[in-house]
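Participant: Chains as they are written, first to last, in our numbering: chain A, 60 to 308; chain B, 74 to 171.
Each hint should be verified, as a subset may be incorrect.
Straight-line Cα separation of at most 27 angstroms, DSS-like style, residue types lysine-lysine; simulated pairs [unchecked claim]: (1) A/Lys246 with A/Lys193; (2) A/Lys141 with A/Lys200; (3) A/Lys129 with B/Lys83; (4) A/Lys129 with A/Lys141; (5) A/Lys193 with A/Lys141; (6) A/Lys141 with B/Lys107; (7) B/Lys83 with B/Lys107; (8) B/Lys107 with A/Lys129.
Output of the computed footprint for chain B on chain A, the stretches with three or more beta carbons under 8 angstroms from beta carbons of chain B [unchecked claim]: (9) 215-227; (10) 233-246; (11) 286-299.
Worth flagging that the hints you see were computed from the coordinates, not collected in a lab. A quick note: this is a predicted structure, and the numbers were derived from the prediction, not measured. Glycine residues also receive a C-beta, built at the ideal position from the N, C-alpha and C atoms.
One letter stands for each residue in the lines below.
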Amino acid sequence: MAGESPDPIHQFNIVPLIGDGPLAFTNSALFMAITTAVIIGFLLLATSSRTLVPSRLQSLAEVGYEFVAKTVRDSAGNEGMKFFPFVFSLFMFILVSNMLGLIPYTFTVASHLIVTFALAMAVFLTVIVYGFMKNGTHFLKLFVPSGIPGYILPLVVLIEIISFFSRPISLSVRLFANMLAGHITLKVFAGFVTMLSGALGAVGLLVGILPLLLAVAITGLELLVAFLQAYVFTILTCIYLNDAIHPGH
Amino acid sequence: MSERLARLDKALKRRSDPGGTGDAGAPARSSDAKGLAIALRMGSEFIAAVIVGGAIGWGIDRLAGSSPWGMIVFLLLGFAAGVLNVLRSAGLVRKPGD
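If we strip away everything but chain B, and leave its shape as in the complex, we get (with noise of 0.2 angstroms):
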């Protein structure tokens, strides 16, 4: 845990170096793009998670003849995809295998 918090405190520091002593223009923009371009990225991450989990459920219940329990059961665990995959696109998870 602490290491970890260590290693997000370097990261800020790297992050909003740039910001403070670079010159005021170029670093200031291309963060702005890269703060957007993480904001879009954020509600898609979680509803594709969703939609993917749903859709395999539904695949398992057609050749199992399980409905609706592939249904449940994947759906959550999209659900739970998708709140990983948010996560992880804030950097707040690390990647497996890491």
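Same shape as in the complex, but just chain A (with noise of 0.2 angstroms):
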């Protein structure tokens, strides 16, 4: 048989480039260290030559400025605005780390869940250190809801505690499932491919379109998710900042 089944995990697995041990340089860190690379890149060259009729890179950068500052403003108000470097940071860099993973033979930072959980622990603790800076004990209304009566409230406070927490699982989970998902269905139909051909011969490699066809459809709608999910991840975050700066509404 010309070719042994492919391994649809293989491509998560980390590799140690630089050094040994826990603090090695990866390829996850060699990824993610490209990411920053190519969006700083990216928006320097953009931002270059600054004209009132904006270059086609210019547009771009443009455009996801407004994405961002629109989807902020939309669900943390103004007084969000203070967050918009953060927020616009972890959009540019899910976004194109996501679409750097789409390319063969390169990484996908977010496959792992340790760096999705990293990255929402980081949304979470800035809005409960913000919200308590902010707020002070105020802040704890957030678990109160108002007219509830007083027999059902504890019950009531342990539900929104336990919903609170549960923000950055949701948010490091949905990410990093979204993309392990896609990826491994990915390589699953691509390997058919040649799994058919290997057993099959001609007659495999012609029935292989089909699969071939099916992957093609797959990397588009990877690329939906790819962004999607970064959307996702933005949205949110901007919806939790909200909480911390106005806790009582």
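Make one complex out of these two single chains by using the hints.
Facilitator: Written out as structure tokens, the structure reads:
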């Protein structure tokens, strides 16, 4: 048989590139660095020759800025704009790392739970710290809905607290699961092509057109998912920040 | 109840307006993306709350040695919180303090 069955999980292996042990510079770290470099390079290039009538790159950067700024203003109000650098960095990092991950032979940073969990915890801790800094104990009102009869209040407060602490979990698991599942699906369907042609020869190659078409279609879907996940992460960040800024309403 | 219905009416009108009167291309596409974004949220919102509830219950059991009661109670509370999360992300329940 020509092709061994490809391992769909292999693409997520962490390989130390420089050094060893827990502090090694891994392929994951490499792609985070590449992502950051791409973002910085893109923005520097786009804003290097600022013109009133923007060039293509500049208008791309402007679209990105306006998109995130609109999301922040819509969900967190004008006061939320002080968090704009944070939200914009998150959005660009997730978007660019997801897009880079779609290129063959690259590594998808968000396919590891610990990476997305770290991003989610950054948001979560920002909300808690800023919420207490700005509102003091008034922030705890977030857990106490108004107009609830006293005898049921402890139950409701417990539920609200669980709901609050589920935020970083849902934020990180959603991004991680979508990227992981998408890339595994892609790999499995692409693997069918080589396996079919390896097992059945010319007939297999002909039948293999079907999974190939599917793989192409899924690549398109993944492109959409990569953007949508970055968008969902951003909009939820804004909604949570809004809780920290205005816990009263 | 009636004032909430009125509020819902207003919100619905506001949402349906741009699709009807605005130019066809851009607004429709952005509302599509919003709908997809909400759809992607639902499942994980629910599961996350159940996981957190279970984890809290497990932790209490570990500390207080009350196994399995903490787990049972907090799993159910987590389930309730999950339903609340989903309803909230669908915009059907007010946020606390509203």
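Participant: It remains to establish, for every hint, whether it holds in the given structure.
Facilitator: Taking the hints in turn, this is what the structure says about them:
1. A/Lys246 with A/Lys193: Distance of about 48 angstroms is beyond 27 angstroms: violated.
2. A/Lys141 with A/Lys200: With a Cα-Cα distance of about 23 angstroms, the restraint between A/Lys141 and A/Lys200 holds, given a limit of 27 angstroms.
3. A/Lys129 with B/Lys83: holds, 22 angstroms
4. A/Lys129 with A/Lys141: Since the Cα atoms of A/Lys129 and A/Lys141 sit roughly 13 angstroms apart, the hinted pair holds (cutoff 27 angstroms).
5. A/Lys193 with A/Lys141: OK: A/Lys193 and A/Lys141 at ~13 angstroms, within 27 angstroms.
6. A/Lys141 with B/Lys107: holds, 24 angstroms
7. B/Lys83 with B/Lys107: holds, 19 angstroms
8. B/Lys107 with A/Lys129: Distance of about 13 angstroms is within 27 angstroms: holds.
9. 215-227: Check passed, 8 qualifying residues.
10. 233-246: This one holds; 3 residues, not fewer than the three required, reach chain B with a Cβ under 8 angstroms.
11. 286-299: It holds, with 6 qualifying residues against the three required.
In the structure shown, a violation is registered for the earlier hint numbered 1 alone.
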